[in-house]
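Undergrad: The task is simple: from the sequences and hints, build the whole structure.
For the protein sequence lines, the chains are Y and W, in the order given. Per my numbering, the first sequence runs over residues 184 to 604. Per my numbering, the second sequence runs over residues 184 to 604.
Fair warning: there could be bad hints in the mix.
[Claimed, not checked] To be clear about the criterion: a stretch of chain W counts as covered by chain Y if any three or more of its residues have a C-beta under 8 Å from a C-beta of chain Y, and this derived list gives those stretches:
#: 1; segment: 386-399
#: 2; segment: 402-411
#: 3; segment: 439-449
#: 4; segment: 543-552
#: 5; segment: 571-582
Please keep in mind that the hints were generated in silico from the structure rather than gathered at the bench. For glycine and all other residues, C-beta sits at the position ideal for the given N, C-alpha and C.
Number of protein chains: 2
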Amino acid sequence: MSPQDDPTAVLHELLEGLARFGREGTGVTRLAYSDAWCEAQRWLAERARGLGLAATTDAAGNLFFHDPAVVPGAGAPPVLLVGSHLDTVVSGGRYDGACGVVAGLLAAAALRGHGALSAAGFVTCEEEGSRFPSPFMGARSLLGQVEAGELDAVRDGNGVSWRAALDAVRTRGCAALLAPGPRPFPPLFRPARMLELHIEQGPVLEAEGLALGIVTHIAGFRRLRVRLTGEARHAGATPMRLRRDALAAAAEIALAVEAHARALGEPAVATAGFARAEPGLYNVIAGACELGLEVRHVEPGRPAAMAAEVEQLARGVAERRGVALEIVEVSGQDPTTFAAPLVAAAESLAKERGLRFRTMASGAGHDAMVFAHAGVPALVVFVPSRGGISHAPGEYTLPEQLAPGLAFAIELARRVSEEPA
Amino acid sequence: MSPQDDPTAVLHELLEGLARFGREGTGVTRLAYSDAWCEAQRWLAERARGLGLAATTDAAGNLFFHDPAVVPGAGAPPVLLVGSHLDTVVSGGRYDGACGVVAGLLAAAALRGHGALSAAGFVTCEEEGSRFPSPFMGARSLLGQVEAGELDAVRDGNGVSWRAALDAVRTRGCAALLAPGPRPFPPLFRPARMLELHIEQGPVLEAEGLALGIVTHIAGFRRLRVRLTGEARHAGATPMRLRRDALAAAAEIALAVEAHARALGEPAVATAGFARAEPGLYNVIAGACELGLEVRHVEPGRPAAMAAEVEQLARGVAERRGVALEIVEVSGQDPTTFAAPLVAAAESLAKERGLRFRTMASGAGHDAMVFAHAGVPALVVFVPSRGGISHAPGEYTLPEQLAPGLAFAIELARRVSEEPA
Chain Y
184 MSPQDDPTAV
194 LHELLEGLAR
204 FGREGTGVTR
214 LAYSDAWCEA
224 QRWLAERARG
234 LGLAATTDAA
244 GNLFFHDPAV
254 VPGAGAPPVL
264 LVGSHLDTVV
274 SGGRYDGACG
284 VVAGLLAAAA
294 LRGHGALSAA
304 GFVTCEEEGS
314 RFPSPFMGAR
324 SLLGQVEAGE
334 LDAVRDGNGV
344 SWRAALDAVR
354 TRGCAALLAP
364 GPRPFPPLFR
374 PARMLELHIE
384 QGPVLEAEGL
394 ALGIVTHIAG
404 FRRLRVRLTG
414 EARHAGATPM
424 RLRRDALAAA
434 AEIALAVEAH
444 ARALGEPAVA
454 TAGFARAEPG
464 LYNVIAGACE
474 LGLEVRHVEP
484 GRPAAMAAEV
494 EQLARGVAER
504 RGVALEIVEV
514 SGQDPTTFAA
524 PLVAAAESLA
534 KERGLRFRTM
544 ASGAGHDAMV
554 FAHAGVPALV
564 VFVPSRGGIS
574 HAPGEYTLPE
584 QLAPGLAFAI
594 ELARRVSEEP
604 A
Chain W
184 MSPQDDPTAV
194 LHELLEGLAR
204 FGREGTGVTR
214 LAYSDAWCEA
224 QRWLAERARG
234 LGLAATTDAA
244 GNLFFHDPAV
254 VPGAGAPPVL
264 LVGSHLDTVV
274 SGGRYDGACG
284 VVAGLLAAAA
294 LRGHGALSAA
304 GFVTCEEEGS
314 RFPSPFMGAR
324 SLLGQVEAGE
334 LDAVRDGNGV
344 SWRAALDAVR
354 TRGCAALLAP
364 GPRPFPPLFR
374 PARMLELHIE
384 QGPVLEAEGL
394 ALGIVTHIAG
404 FRRLRVRLTG
414 EARHAGATPM
424 RLRRDALAAA
434 AEIALAVEAH
444 ARALGEPAVA
454 TAGFARAEPG
464 LYNVIAGACE
474 LGLEVRHVEP
484 GRPAAMAAEV
494 EQLARGVAER
504 RGVALEIVEV
514 SGQDPTTFAA
524 PLVAAAESLA
534 KERGLRFRTM
544 ASGAGHDAMV
554 FAHAGVPALV
564 VFVPSRGGIS
574 HAPGEYTLPE
584 QLAPGLAFAI
594 ELARRVSEEP
604 A
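TA: Printed below as a string of structure tokens:
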């Protein structure tokens, strides 16, 4: 079987094959540098070689599928990178990451020897943040952004450092030697442009009956931890008018934040993900409550502005209820704008092919975001997610939705590779 | 020191003494049948004997302080019981229960030999439900309401049965032998009337600058566990209009329930004590949420009606948000109305003494509730709780608030004991 003959059949065979590594029940758990991850990587490298490509691993465990004529390293020519990540969340699905990884591999095979820019498939070692509390370890290491200190500082839930995890997989051939000095990951390839095919992880394409989403932006976000402190009192003996109920304050803030995002309109979103009342009993008014809030928006400056607006709303509620409020920004990321020429190329191609598509923002982060922030023109293309389900065993995209997405990605890569760097 | 000389000084000395048993930091933990409970009981019995009273323990570990001329058992004459409970919650305070226990002991000492009805102090073994998941074990056993099967069925968090706990304290003299047959606790005394002095556990008396609360009713309650099931989706990738957010539904229900109780007006109260979102992360819309609701009202039929109204409100919110709802009544208790002649006697006495008082409902349950439901004319009298704090180390009542309460309780007991059964 050759990808030129039937890339869709190969796509399914590869997705099926990858899902074997880390399978548990109906889901997939393939954490970075785990046994399943290592086996999947080796299996993919073998498949790439079978398609006439070279498979090269860097020191972080990122994997590249490329024309054997292109020699990776300091003197390598600029390339078009097409790919995604291989790790999953715990009890995740078969498509998140894997779909783009397979598209990258097949694009590199289909375009070997073509174009002004050589197309290489890539697999980032880590994207989900599910094992190590450090996001986008793969894309950042691939781009040479990681410093040596981080290898020791970043540890998983069992205290295993990034360095130790790498040492373990290196013995199995799943990572190359670290470079000495402060920059352990010198880039093997110089990405001139970057493409990523991904499942939407949301319900919009399915709801609108579309085949493709051309992602113009990735939303930035702010996460806020709000601690409300009222008075824990007997729920029977304390009249309504004398209460300082921390959970009621949290509920009012959660609804105010929801209403605020609705009033702003799309693409603003805001979510209260948890409200942990203390002591959390039927017969005691909550004396304290931890409320988790997240706001996202795709326009520059808007996530920070929304966080400030949410804080204002929360302070108003807390003050009115006589409840003390502390608010901490836990994490944040500014919005990403993808390269206009790549968006335009994708729109033209979709129109030519008669594909029903829309431009859209992505609420979720992707590897391409890191490339874009590093100045590499990048683009994400979405295929539909059934029911918007993702990061769960029920993650699914119909074969007849994947096939045009794959063909589109390969053809888009062909066009993008025709322009020199 | 004799109680006739200075009952207030003895009250403080006894409260101070009791607080030693189970002290931890600034709080008190004296769970039913624990070592601290047993030591406190023995110490109290010793103090009662020093005041010229007999101290008798029944088979459940309830303790009575009575005129030695009154012989407990099947042939005992009817008595006026004055008292409360000796157990506390975990990290509780020094006044809840203890205050009424000491008042009962001192009333029995002060009234020994007086009246048509002999006054006996009593200490129920258990009221809080903090060790065993069975409420009012003390009052129910004292009234002969407990059947033998319950001794084996009721177990604490470590799996220790009520029977085994009793066996252990019996060897230390803190419980008498169980009666054979289906009724292990034949009453030692026949209560003709019952009085209980208690801290308010709420902020009303303090807020209104009053010395006493004469409790006319105890609120009944219903506890509802609401399970909301929406869709756990990516918080970034799911537009506001496509969400089925279980935590937002819970928040809206919590606020609707709060508003409903406010609209009903006092003495209605309603509380959302917890809202446990799943998965409970910043970046995932809550797919499910468990919400704990409690409603209370003092009028017959109103707790059940409020529960039905709350269910209606919750169903409306869930339906509007496309979230599934299951609702379970976890527990409930109907309201209690205390005996009008006792309320009238207390009001007359308070007016005669020039005490600032009010009649009020109790939101919290008390031992007296069990007596009232068993047909024994009963009454609870409240002294203020600083800041409404209770079931916490900060529980406090000023000495100058306790003293008139104690004197009032003893004098009320004197009057009530003058009428024969």
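Undergrad: Next, verify each hint and record whether it holds.
TA: Structure-based check of each hint:
1. 386-399: Our answer is that it holds, as 3 residues pass the Cβ test (under 8 Å) against chain Y, meeting three.
2. 402-411: holds (count 3)
3. 439-449: Result for this restraint: holds, n = 4.
4. 543-552: Contact hint for the segment 543-552 of chain W vs chain Y: holds, 4 residues under 8 Å.
5. 571-582: holds (count 5)
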